[in-house]
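J.: Sequence:
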Amino acid sequence: MVMSTINRLLKDKRGNFATMAIFGFPVMFASVALSLDVMNALRLKTELQNANDTAVLFATRNYQEKKVVPSVAEVTAFLQANFKSGTPANVNISIDSAKTTITLTADASVKPMLMNYFSPGMLKASVLSKSKMGVTGSLEFALALDTTGSMSSDNKLANLKIAATNFVNMLYDLKDRGADISGSVVPFAAYVNVGTSNAGASWLTNTDTKYTYKQVPKYKQVWTNTGTKKKPKWQWVDVQDGYDTVVDQTLTWNGCVGSRPTPRNTIEPYGSTKFPALVGISCSDSLQPLTSSRSTLVNKINSLSASGWTYIPEGVMWGARTLTSSEPFTQGKPPVDPTASVVKKARKVLIVMTDGENTLSPGTWQAPYNEFSPSSAFHYDPNNGADTVAADSNTLKACTEAKSKDLEVYTISFGTVPNAVKTMLASCASSPNNYFHASTGTALNEAFKDIGDELLSIHLSQ
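The opening position of the sequence shown corresponds to residue 113 in the working numbering, with each subsequent residue numbered one higher.
Keep in mind the hints are simulated off the structure, nothing from the lab. Since the model is a prediction, treat every value here as computed from it, not as a measurement. Some hints could be false.
[What the hints assert, rightly or not] The list that follows gives simulated cross-link-like pairs (lysine-lysine, DSSO-like), each with its CA atoms no further than 27 Å apart: (1) K534 / K561; (2) K534 / K268; (3) K343 / K330; (4) K534 / K517; (5) K196 / K157.
Construct all of the structure, not just a fragment, from the sequences and the given hints.
T.: Following this line, the structure appears as structure tokens:
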């Protein structure tokens, strides 16, 4: 009887919908609950990630400015204030001083809205954020600035002084809060002026006062008939017999140095090949080696004057040389700090600014170049060549040399500059983003500010 009743119910289709509804409703309910709770979990993780990103930036900025990592309690409180869900979060913070990175992890949980009825428990979210510090440890920068005659037009030199001064102040404001920052200024034109205080340095050829020479006729007396055959008149007569070399005037060394012979003309290190001191030549203002003094750099920038023609490689190479710890300039920190508990490199940055193209190239060497030749006032023909293609090539070689020494190279073209020069400077920079073109003084100031922002920035790396 029971079996017949069951069979009858199974054959009766009128109750199918109700039966399906009874058994299907829990499944549908679970699906909706799962969807809502998945969305809730995603929202939780997104909000936690945003709060964690903000908190890691807070921790990094605190470390950069105060040299102290904030406590977990401080970071947690900061995170919690920005965590919209209000769910208590567990926070863990760590710092990698060698890579100047702070890592912050956080996890939080929330009770499910509906799934708790089916599977009791908590929805959990875990996130990780990393922040890269800008200036930590030490930063050394060199400003290689074009001060050729063309910079005197269109108020360009005045605009350069404003932009470079603002850049220095921007970095040194952070130095005043404890950052280890130093900078140099290297004005360049056809040559670079290393300063007369370096006279007699082992890395220079002779800088003593030298003399120009001139050749004057040399005579000897010859017993000569100045009369006629019929009426001779014999007497001693002065007859030219070659030339004598005599001192004409004195020349002094004004601090100017020229290029070394190829291939040393595009190589930054001293390496025992002396730099030629050019006597009797005037050139750019003397460079300012690395200094931690804000006022020294600002005063040097404001004292710059414009004159001469353009040979960019000299600016690149002498800018790089001011960042080294070996001759000719030794104020830079070693590549690795041997006293640090964690191996850490000083960050070294070279910024090259020019308003035009190469107009000169090195001339022809005499041999031997390190001996004074009586036939010339110089050790060699100065940078008065006209092979600008070679000069451009030397510029790129000098930049490649600088980058090979782990220098970050930034380049700026200023004013009306040929496209070929822009291409060269973009190739000279460490990356395409490290090249800037500034058509106006305002744009030049922005270019220096952008570089400063990059050097000082704190940014998420993960």
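J.: Looking back at the numbered hints, which does the structure fail to meet, lowest number first?
T.: 3
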